[in-house]
Amino acid sequence: MSVTKDINLQSDHPPEGKKTRRFLSPEKKYQIFLESQTGKTPVGEILRREGIYSTDLVRIRKQVKEGALERLCTRPGPKRKTVPSEDYEALKQELEEKERALADQALELAILRKKTNGGSWER
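Mind the numbering: the sequence shown is residues 5 to 127 in our numbering, read in order.
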């Protein structure tokens, strides 16, 4: 009995019923994807060897497709710069304020021209 206890204590495996989450690197995911696409090795064998489920493989395939589509839709040349939404909202607010001020100035100018030119827009 003591031999069995010693073996269990030295084991690096998690306790019965407990599963540890395994994180795969992007390279490993891509390797699994490529291997599953070639058809040389049965998918079930790949899944067992890597310790993943078929839903994990479906998720990996989806991620590869999304990454490929994202990369393929980019156009050559310099990338367009994006502005953070906070900066965009601040600039939008500033533009609205300046447009209101410009409209007020235009109204005042129209009133002054009317007074000085006797109602004529021409000088």
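By construction, these hints were calculated from the structure, which means they are not laboratory data. We put the CB at the ideal spot given by N, CA and C, even for glycine. Possibly wrong hints are sitting among the right ones.
[What the hints assert, rightly or not] Once the Cα atoms are required to be at most 25 Å apart in a straight line, the calculated PhoX-like pairs of lysine-lysine come out as:
| # | residue 1 | residue 2 |
| --- | --- | --- |
| 1 | 69 | 83 |
| 2 | 33 | 69 |
| 3 | 85 | 96 |
| 4 | 32 | 66 |
| 5 | 32 | 83 |
| 6 | 69 | 96 |
| 7 | 96 | 83 |
| 8 | 83 | 102 |
| 9 | 33 | 44 |
| 10 | 66 | 33 |
| 11 | 69 | 44 |
[To be verified] Distance windows between CB atoms, simulated:
| # | residue 1 | residue 2 | range |
| --- | --- | --- | --- |
| 12 | 119 | 81 | 51 to 59 Å |
| 13 | 31 | 105 | 40 to 48 Å |
| 14 | 107 | 84 | 27 to 35 Å |
Given the hint that residue 69 pairs with residue 83, does the C-alpha gap stay at or below 25 Å?
-> 22 Å, holds
Within a Cα-Cα threshold of 25 Å, do residue 33 and residue 44 meet the stated pairing?
-> The hint holds at about 17 Å.
Do the alpha carbons of residue 32 and residue 83 lie within 25 Å of each other, as the hint requires?
-> Roughly 29 Å between the alpha carbons, so the hint for residue 32 and residue 83 is violated.
Given the proposed pairing of residue 69 with residue 44, does the C-alpha separation stay at or below 25 Å?
-> 21 Å, holds
Within a Cα-Cα threshold of 25 Å, do residue 85 and residue 96 meet the stated pairing?
-> The hint holds at about 17 Å.
Whether the CB-CB distance between residue 119 and residue 81 falls inside 51 to 59 Å | 55 Å, holds
Do the alpha carbons of residue 66 and residue 33 lie within 25 Å of each other, as the hint requires?
-> Holds, at about 11 Å.
Take a quick look at whether residue 32 and residue 66 sit within 25 Å of each other, Cα to Cα.
-> 15 Å, holds
For the pair residue 31 and residue 105, does the Cβ-Cβ distance stay inside 40 to 48 Å?
-> 56 Å, violated
Does the structure keep residue 83 and residue 102 at a Cα separation of 25 Å or less?
-> 30 Å, violated
Look at the Cβ atoms of residue 107 and residue 84 and judge whether their distance stays inside 27 to 35 Å.
-> 31 Å, holds
Sort out whether residue 69 lies within 25 Å of residue 33, counting only the CA atoms.
-> 13 Å, holds
In this structure, the earlier hints numbered 5, 6, 8, 13 are contradicted, and the remaining ones agree with it.
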